[in-house]
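Construct all of the structure, not just a fragment, from the sequences and the given hints.
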Amino acid sequence: LAKTTQPISMDSYEGQEVNITCSHNNIATNDYITWYQQFPSQGPRFIIQGYKTKVTNEVASLFIPADRKSSTLSLPRVSLSDTAVYYCGRRAGSYQLTFGKGTKLSVIP
Amino acid sequence: DVKVTQSSRYLVKRTGEKVFLECVQDMDHENMFWYRQDPGLGLRLIYFSYDVKMKEKGDIPEGYSVSREKKERFSLILESASTNQTSMYLCASSLGPGQPQHFGDGTRLSIL
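Protein sequence lines, in the order shown, are assigned to chains A and B.
According to my numbering, the first sequence holds residues 4 to 112 in order.
According to my numbering, the second sequence holds residues 219 to 330 in order.
Derived by calculation from the structure, the hints in this document are not laboratory data.
The beta carbon of each residue, even a glycine, is placed where N, CA and C say it ideally should be.
Each hint should be verified, as a subset may be incorrect.
Take a look, some chain A residues computed to stay more than 10 Å from chain B by CB distance [said to hold, decoys possible]: (1) GLN45; (2) PHE66; (3) ARG80; (4) LEU83; (5) GLY96.
Quick look at which bits of chain A chain B covers, simulated, 3 or more residues with Cβ under 8 Å [said to hold, decoys possible]: (6) 48-62; (7) 101-111.
Among the chain A residues that face chain B by a calculated CB cut under 8 Å, a handful are [as the list claims (entries may be wrong)]: (8) SER44; (9) TYR90; (10) ARG94; (11) TYR98.
Listed below in structure tokens is the structure:
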């Protein structure tokens, strides 16, 4: 059974780069890796997704090694407003998302 | 911007009641989803729908059913509510296969 594991919490100072790594046990060939951000009292918000190597958008980068057993979300120069819970997940096929338990990122002034 | 609206932010019901949670999206998305979120367990998929009147079971469908009579609306039904269904329920929609999901802000449901 595929399982996604990520650290429960992380702390970082403002202005630093933050890397959150997730392990994807038994990820299937057709699965995509995806990351979402969630603030208190709000629904999750899509950040980035990828299949392998590196994907970059305006807010984050996603690194996926060749064996695809892990992924690393990289947030450049975090600010206080980046304090949130970050979920890694797998998209199986076209629709179904399976999430990890989330990493609570606290950004410290 | 995509808007996914859930009918209630907070709801309190009694054991055995039939409970309806409603979700509406305004972007003509094909796919809609229902999740529940519990501390320490993350998000778990209950049901999803890829077209009107079509539905598929997710990871934890037991005790739930869904209805999608119109493209923009997806309802989650608890046929006979139980205390272990106390949770945060999140609705989401996506444009098509493989597209990012857009979530509502959730309904916190308490079953007494």
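For each hint, the structure was consulted:
Not every C-beta of chain B lies more than 10 Å from that of GLN45(A), the closest at about 5 Å, which undercuts listing it as non-interface. Every C-beta of chain B lies more than 10 Å from that of PHE66(A), the closest at about 19 Å, which supports listing it as non-interface. At the 10 Å boundary, the C-beta of ARG80(A) stays outside the reach of chain B, the nearest C-beta of that chain being 24 Å off. No beta-carbon of chain B comes within 10 Å of the beta-carbon of LEU83(A); the shortest separation is about 21 Å.
Its beta-carbon lying about 8 Å from the closest one in chain B, GLY96(A) breaks the requirement of being farther than 10 Å from that chain. Taking a C-beta to C-beta cut-off of 8 Å, the region 48-62 of chain A contributes 3 residues in contact with chain B, enough for the three needed, and the coverage statement holds. Only when three residues or more bring their CB closer than 8 Å to a CB of chain B does the claim for the region 101-111 of chain A stand; here the count is 5, and the claim holds. Given the 8 Å rule on beta carbons, the hint for SER44(A) holds: about 7 Å separates it from the nearest Cβ of chain B.
Interface restraint check: TYR90(A) against chain B, minimum CB-CB distance 7 Å, threshold 8 Å, status holds. Proximity of ARG94(A) to chain B holds as hinted, the smallest CB-CB distance being about 7 Å (cut-off 8 Å). For the restraint placing TYR98(A) at the interface with chain B, the shortest Cβ-Cβ distance is roughly 6 Å, inside the 8 Å limit, so the hint holds.
When the structure is compared with the earlier hints, violations turn up for hints 1 and 5 and for no others.
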